[in-house]
Amino acid sequence: MKTEKPHISISQVGMYTRCGEQYRRRYVEGEKIPPGIAAVKGISVHKGAEFNFKAKKQSKKDKPVGDVVDYAVATLEGQIENEGITLSPDEKVRGQKVIMGEAKDRTAKMASVLMTQVAPRYQPVTVEETVNVPLPTSSHDLKGIIDLEAEGGTIVDLKTSARAWNQERVDKSIQLPFYGMMKRALTGKDPEAVVVENIVDGSKMSNVTFSRKVGMNDYETVIRRLNRILEGINKGVYTPANPETSWWCSSTWCGYWTTCPFGGKK
-16 MKTEKPHISI SQVGMYTRCG EQYRRRYVEG EKIPPGIAAV KGISVHKGAE FNFKAKKQSK
44 KDKPVGDVVD YAVATLEGQI ENEGITLSPD EKVRGQKVIM GEAKDRTAKM ASVLMTQVAP
104 RYQPVTVEET VNVPLPTSSH DLKGIIDLEA EGGTIVDLKT SARAWNQERV DKSIQLPFYG
164 MMKRALTGKD PEAVVVENIV DGSKMSNVTF SRKVGMNDYE TVIRRLNRIL EGINKGVYTP
224 ANPETSWWCS STWCGYWTTC PFGGKK
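Using the working numbering, the first residue of the sequence shown is number -16, and each one after it goes up by one.
Keep in mind the hints are simulated off the structure, nothing from the lab.
From a predicted model like this one, the values you see are computed outputs, not experimental measurements.
Glycine included, each C-beta is placed from N, C-alpha and C at the ideal position.
Check the hints yourself; a few may be wrong.
Label pairs and their in silico Cβ distance ranges [stated by the list, open to error]:
hint, residue 1, residue 2, range
1, 37, 60, 37 to 47 Å
2, 155, 79, 30 to 40 Å
3, 228, 151, 35 to 45 Å
4, 135, 64, 33 to 43 Å
5, 151, 42, 35 to 45 Å
6, 49, 206, 40 to 50 Å
7, 208, 117, 16 to 26 Å
8, 92, 169, 27 to 37 Å
9, 241, 135, 23 to 33 Å
10, 65, 228, 31 to 41 Å
11, 121, 43, 34 to 44 Å
12, 21, 241, 13 to 23 Å
13, 244, -3, 21 to 31 Å
14, 121, 12, 21 to 31 Å
Generate the whole structure from the sequences, applying the supplied hints.
Following this line, the structure appears as C-alpha cells:
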C-alpha cells in the first residue's frame, strides 16, 4: 500500500532552524505541549480575522467590531480550556487567573485594531487557504496556509508581536517567499506583493504595515535552505539551540526547557 509522502511547513522549518531538539521532540516524538500565552493571543486574533474575512468574502462588508472582538476572546478562552497553557516561571508566580484576565484584555484590544485599522483595507479572495506543493525530487512535499489573498493579487500575512517588526526583518523573512512559492504553484504567477500587517501588543497598541516583492531569486534561496534542512532531518541530525546565544532557549520561551538534556534540565 502506498504511504502518504510527508510534508514540511514553514513553521517546521522555523522550529528546526531555531532548535533541532525542539523539532525532534515535537515532530519526531510527537510530544506536543500547550502553547504560551503570547501564542494563544496570536492564534485568537488570527481566528477573529478568519471569522471576519470569510464572511466579508461574500458580503463585501466587515462584521461589527464587537462581534469579532467577542469571537477572538471566546477563542482564547476555548483554546486554553481545550489545550491548556504553558506559563513561564514569572507568570506562575503572578497566577493563571491574572494572566488570563490580562490576555483577554489584550486580545480584545488587538482584535479591535484588526477591525478598525487593518480589515477595512482588504477585500478577500481566499481566506486561510491550505496549499500543498508537490516536490517530486524531495523526500517531503511543501504544505502551508495563506492567511489572506486580497483583490489585486496581494497576499496578506497577519502578525502579532510584543515589539514592532521593521522592514529589515520583512526583507530577511523566509516565510514570505514561501507564500509566493505557494501562489506560483497554484496560479503560475507571483503575488503582486506580500504584505505583513503587524499588530503590536505593546504599551501602546498599534498597527504597522510592511510590503515586499518576492520572485524566483527568493524561491531559489528558500529551496536551498529547505533542501539542507531536509538533509539534516533525513539523517536524524537535530542540533540543539545554544542557550548562551539563543534568547528563545529559556524557561520563558521553551516549554521543553525543564526536561531538555541540552540546557534546561537540572
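Now for the hints, and whether the structure bears them out:
1. 37 - 60: 37 to 47 Å: Given range 37 to 47 Å: violated, Cβ gap about 21 Å.
2. 155 - 79: 30 to 40 Å: The hinted range 30 to 40 Å holds for residue 155 and residue 79, with Cβ atoms some 36 Å apart.
3. 228 - 151: 35 to 45 Å: violated, 20 Å
4. 135 - 64: 33 to 43 Å: Since the Cβ atoms of residue 135 and residue 64 sit about 39 Å apart, the hinted range of 33 to 43 Å holds.
5. 151 - 42: 35 to 45 Å: With Cβ atoms ~38 Å apart, the hint holds.
6. 49 - 206: 40 to 50 Å: holds, 45 Å
7. 208 - 117: 16 to 26 Å: Check passed, 19 Å falls within 16 to 26 Å.
8. 92 - 169: 27 to 37 Å: holds, 35 Å
9. 241 - 135: 23 to 33 Å: Violated, at about 48 Å.
10. 65 - 228: 31 to 41 Å: About 35 Å separates the Cβ atoms of residue 65 and residue 228, which means 31 to 41 Å holds.
11. 121 - 43: 34 to 44 Å: Cβ of residue 121 to Cβ of residue 43: about 40 Å, so the range 34 to 44 Å holds.
12. 21 - 241: 13 to 23 Å: holds, 19 Å
13. 244 - -3: 21 to 31 Å: At 22 Å between Cβs, range holds.
14. 121 - 12: 21 to 31 Å: holds, 23 Å
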